[in-house]
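Participant: Chains as they are written, first to last, in the working numbering: chain Y, 1 to 200; chain F, 201 to 666.
Keep in mind that the hints are not guaranteed to be accurate.
To be verified - Straight line, CA to CA, 25 Å or less: simulated PhoX-like cross-link-like pairs of lysine-lysine: (1) F/K363 <-> F/K207; (2) Y/K196 <-> Y/K165; (3) Y/K5 <-> Y/K145; (4) Y/K196 <-> F/K207; (5) Y/K165 <-> F/K363; (6) Y/K196 <-> F/K443.
Because the hints were derived from the structure by calculation, they are not lab data.
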Amino acid sequence: MEPVKIVRGTMAPLMRSHVDTDQIIPKQFLKRIERTGFGPFLFYDWAYDHEGELKPDFILNQAEYQGATVLVSGPNFGSGSSREHAPWALLDRGFKAVVAPSFADIFRNNSHKNGLLPIILPEADVERLAALAEDPSAEIEIDVKAETITAGGTTVGFSIDPFVKHCLLHGLDDIAVTLESEGEISQFETARPEFKPSLT
Amino acid sequence: MRTLFEKIYSDHVVRSAPGEPDLLYIDLHLIHEVTSPQAFEGLRLTGRTTRRPDLTLATIDHGVPTTDREHGISDPLSRLQIETLVANCEAEGITLFGLDDPRQGIVHIIGPEQGITQPGMTIVCGDSHTSTHGAFGALAFGIGTSEVEHVLATQTLPQNRPKAMAVNVTGELPPWSTAKDIILAIISHIGVSGGTGHVIEYRGDTIEALSIEGRMTICNMSIEGGARAGLIAPDEATYSYLKGRPFAPAGDDWDAAVEYWRTLPTEPGASFDSEIGLAAADIPPYVSWGTNPAQSAPIDGSVPAPADFDDAAEQEHTAQSLAYMQLEPHTAITDITIDRVFLGSCTNGRIEDLRAAAAVIAGKRVHSDVHAMVVPGSGLVKLQAESEGLDEVFTGAGFEWRDAGCSMCLGMNPDILLPGERCASTSNRNFEGRQGRGGLTHLVSPAMAAAAAVTGRFVDVREWTD
Ligand code: SF4
C-alpha cells in the first residue's frame, strides 16, 4: 500500500443515513476477480435508470462533482456486507476519504487496508462540511499525521487508531508485519489442543 | 469472572502489545468464490502460500445457479469466478465442496452441518454472516478480502478487542413466534447500528430453549444490528447436535473437547459493556416494511409514517424507505400483497425451516398470483428434506424445488426479483435492490413466508387454521 499522509481536494455530499454496501456496489458487479475496475459501477442503482442511462439528478453524476476526492455522508456508512469491493469502487472512482458521523465496522477495516480514509466527525461538523460542499469547488484538506480536517477556513480534529495511523503513514503491508511474529505463531500452534478440528 | 467472549478471545491471542492490535489465531477459515479471488492473487503476487490449508474449507454458493446445473453455468463472469476458486483450491491444497459434491451449500450452513463449527473456536470468512457460527459458542466474524489474504498467509488476524453486549431474552415465546421474530425484534430495538463495535451474547431462558438451528438464525443476523459477532453459550443441546458429525471430535478427543467446552459459558457476575433485555411474551411474528431490518413491525401492526419519528434524519430515512418500498404510511401489514416467496438463505435455509414452512402449506396451494420457490441451504439439507417427503409437499403446493445456494438472498445468480416485484423472503437483508434492482423485500420467518404464499398477502399466521 502507498503511504497516505495528506488528502487534498474537493467534496461531494451524499447526505443519506445507512448507505449500505449493496448501494455502494451492487451484487451484479461482484463477479470480477480483480481489485480494479469497479469505479464505473459505484452507486449504480442510484446513478443509472432502468434503461442504463445516467440519472442527471444524482449528485455524483453532476459535472461539477466529477473530481471530488472526499465523500461526505450520513451515519452508519458502509453497513451490510463484507465486500471489499465497496472501498475498491470508491477508490477507483477517485475518492480518497469518506467523512461521516459513524461507519460500519467491516467497511472501516476494509477501507484502512486499502488506504481509503473513513473519518468520523460529530454530526454537526459533518453537516457543516456537507453545506460547504454545496459549492463543488470548496476545498478540504485532511492531515493524517496531525489528525485534522481543514475546510472553509476552519480546522477540526478527528481521531484515528494509532496503529492504523502508523500503517497509513508508512504504507505498511500488514501481512509482512504479522510475519515478523512467525516464532510466536508457530509456538501458539504447537500448544493448540489435539481436539480442534482440521480438514485432514 | 469472565464472559464467554473474553474466554474465547484470550485463548486465541498469539501476541499482544500496547498500542497495537492483538494478533488472534484463527481456528477455521471458510472461503467462497466471491470474496477470495483477489486474496489468492495477492498471495501469488507476494510469493506467499496458504499457511494452514488443513484449517481452511471452501465452498461455492453465491453465484451458483439453482436449476439445470448439469448444463453448467451460463454467466461467463460467474463461471470464471467459480473456476478461479477451483483452481486456487487445487493450487493451495484447500478442501473444496464443489458443485458435484452433495455437501456443497451456503458456507454458513455447511460448517455446522459437517460439525467443523465447534464451541470455543475462532472462525472467519469473507462474508458478514459468519456471525451464524456463534450459535455454537464460537467467536465468528466476517472479514474483507485483504483480511482473507492475511488469514491465508498467517492463520492469524490483527484485531482490536471489541466490546461485549448482552441481550437477555426471557420467558416463553408465544405460539408461532420463532427465532427469526426474536432477532427482528432485537434489531428493531437496538437499531441497525446499535451493535457496532460489539460482540453480542444472546442469553436468557428463551435463547436456551431454542434449537441449535434457531440459535443460528439469531446469531446470523447479529451483523444486521451492526455487531461484529453474536454468541450463544454452548450447552447439552450443542454437544448432542455435534456428536457424530464428520468433523466433530471422537473418542478421547470428544471427552477432552466437552471438558473444555464446559468451561466456556459466562460466569455469574461477569460484566458486559452494555446490556438490554426483552420479554419473549412481547415478540409476535414480525414483517419488515422498509429497507433495513430494523424497519420491521409486528404482523398485527402497520407501516409507520415519517412523522411518527422524532429525529429529522430518521424521518427522512423513513420517507426514503417508504418511497422505495412503494408503501403508504399506516398501511396495515396484512393489507400488503406479494408476488414472490423466497424460502432459503443462511438465515432460514435449514431443515427445520423447511419443515416449519411445509407444515403451514401442507394440503394447500400457492396463490395464483404468487411465484414461490424453496432453495435448500445445502445439498445435504435438500437430500434430508427429500427423504422426509418435504419436496413433494412443496411441489404439490406449487413451490419450485431448487438446488442449494444463496440464490435470491442476494441475486448474484439468475434468481432475482424484477422491478416492482414484492417478495416475502426468509433471508436477512431488505436493502434497496438486494434481491434484484427495484425489487421490494419483506423479511419474515419461514412459517410467515409459507402462509403468505398461500394467501398472496401477509397473514397473521397465529390465526392459521388447518
Ligand atoms: S445466503 Fe445470503 S446472506 Fe447468506 S451467505 Fe449467501 S448471500 Fe450471504
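Participant: Does each hint fit the structure? Answer for all of them.
Facilitator: Here's how the hints hold up against the structure:
1. Note on F/K363 and F/K207: the hinted pairing holds, with a Cα-Cα distance of about 13 Å set against a maximum of 25 Å.
2. Using a Cα cut-off of 25 Å, the hinted pair Y/K196 and Y/K165 is violated, with the two alpha carbons roughly 36 Å apart.
3. Annotation: proposed proximity of Y/K5 to Y/K145 holds, straight-line Cα distance about 6 Å (limit 25 Å).
4. Simply put, Y/K196 and F/K207 have alpha-carbon atoms about 16 Å apart, close enough for the 25 Å limit, and the pair holds.
5. With a C-alpha separation of about 21 Å, the suggested pairing of Y/K165 with F/K363 holds against the 25 Å cut-off.
6. The straight-line distance between the Cα atoms of Y/K196 and F/K443 is roughly 14 Å, inside the 25 Å bound, and the hint therefore holds.
The structure does not agree with numbered hint 2 stated previously, though it agrees with all others.
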